[in-house]
Structure formats: C-alpha cells, structure tokens
Amino acid sequence: DTGVSQDPRHKITKRGQNVTFRCDPISEHNRLYWYRQTLGQGPEFLTYFQNEAQLEKSRLLSDRFSAERPKGSFSTLEIQRTEQGDSAMYLCASSLGPEFSYNEQFFGPGTRLTVL
Amino acid sequence: AQSVTQPDIHITVSEGASLELRCNYSYGATPYLFWYVQSPGQGLQLLLKYFSGDTLVQGIKGFEAEFKRSQSSFNLRKPSVHWSDAAEYFCAVGGGKLIFGQGTELSVKP
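For the protein sequence lines, the chains are D and L, in the order given. Take 1 as the starting number for the first sequence in our numbering and just add one per residue. Take 1 as the starting number for the second sequence in our numbering and just add one per residue.
Okay, chain D solo, but in the shape it has when bound:
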C-alpha cells in the first residue's frame, strides 16, 4: 500500500502531557498538509510543507503546536502541554505541487487524540 500513513491511529493522553504524531506521505509527493477535524465539522487547515520548508501556518496553530518535515519526507506534529480542547482527529494529506496546486490531496486515516 503506497497511500498516506499516520501513526498512531489513536492517542489518549492526560492534560498537560506532550504528544507527537507522525505522517508518512506518498513517496513522490513534495507537499504535505496537516488538518484538524473536530466532531461534526469539516477539516480545518493547520499548516503545510513543500519539501522541508514550512510555507504556511494557520492562526489555529498556537505556540504549543510545532510541525517538522526534516528531510522532506515524513512529518511530525507535536502538541505541548495538551488541553482538552486539543481533542480532535488530526489528518495528514500529501500532493504534488506547486505547479499542480489543483492536484488531489491524498488523505491519511488520521490520528484521533483524546485529552482527558
């Protein structure tokens, strides 16, 4: 299977703990996106990378959130000092770009975070 993979699929943590999620995009895709989806809502954009460069961050991405894509391949999203409001599904997607900005974004299955 050469789709987008995310790890872990589920994470339960206590308020105040740090968590890290990993996303492995489709191998030839140079763009990687992170979205957050809360119950009953559509995904909301958080940030995206082109290769290893983080090109845009949403205002939703507070200082407690950090994302990296060190070698332009996999990416990690870290949340420090988690809060109950961080509970959500975190989705990763990848695509070809920028000249193909209309290209389909392929989504991973998501990581569901529950903060107790």
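Fair warning: there could be bad hints in the mix.
Claimed, not checked - Here are the simulated distance ranges between beta carbons:
| no. | chain 1 | residue 1 | chain 2 | residue 2 | range |
| --- | --- | --- | --- | --- | --- |
| 1 | D | Ser73 | L | Pro110 | 13 to 23 Å |
| 2 | L | Gly41 | D | Glu56 | 44 to 54 Å |
| 3 | L | Gly41 | D | Leu55 | 25 to 35 Å |
| 4 | D | Arg81 | L | Pro79 | 43 to 53 Å |
| 5 | D | Gln41 | L | Trp83 | 23 to 33 Å |
Because the hints were derived from the structure by calculation, they are not lab data. For glycine and all other residues, C-beta sits at the position ideal for the given N, C-alpha and C.
With chain D fixed as given, assemble chain L onto it according to the hints.
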C-alpha cells in the same frame, strides 16, 4: 473571506432515489472545487474535482457535480443512491490548502 457552506447537515434518501448535496463557496480567485467522502474509520476520499473547462464533472462511484459560477455553487448529484453511499460528504475549495464545508451526513433508507 474564503468559505464553504453546506446548508444541509443531514439528509436521508431512499435507496434508488436521486441525490443532490448542496455546496456554496466564497473565494476571491477562480476556485478549484472538490468533493470528498468520509466513511466511519476511513480517510477522506476524493469523489471529483473541478478546476477549469466543462462545468459538469464526472467522478467516481457514479457521482457528478455542476459548477455554476453565477450562483457560486458546486452541487453534488447521483441519479440512484446505493446503501453503500451512506457517509459524510465534504465540499472543499482551494488551490493548495483546502477550505472545507462542515459536511453533509447522508443516510440511506432501505
């Protein structure tokens, strides 16, 4: 401001009946428009996309959508719904990052 509105939160149709899911968008430039489907426990799957040309686009699983610039709409249609179509449907707009609507949950009655 860029936004997508899906007016119907939940729709129920009978199996075999036709379906139309509504989507309205607000976007400053020529929009790239998408419909995604999300089944429980599954990732988002692209049904179809529009970026130029023919305003009626065909997608997978028998879905189609029509882009109407004058109405800022991109409604999704299917002539005959199958029970397996029950899922959450999201309309999205963007070139690069996507802006999603809040989704329409489709239930299918036998």
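Which of the stated hints cannot be reconciled with the structure, identified by number in ascending sequence?
-> 1 and 2
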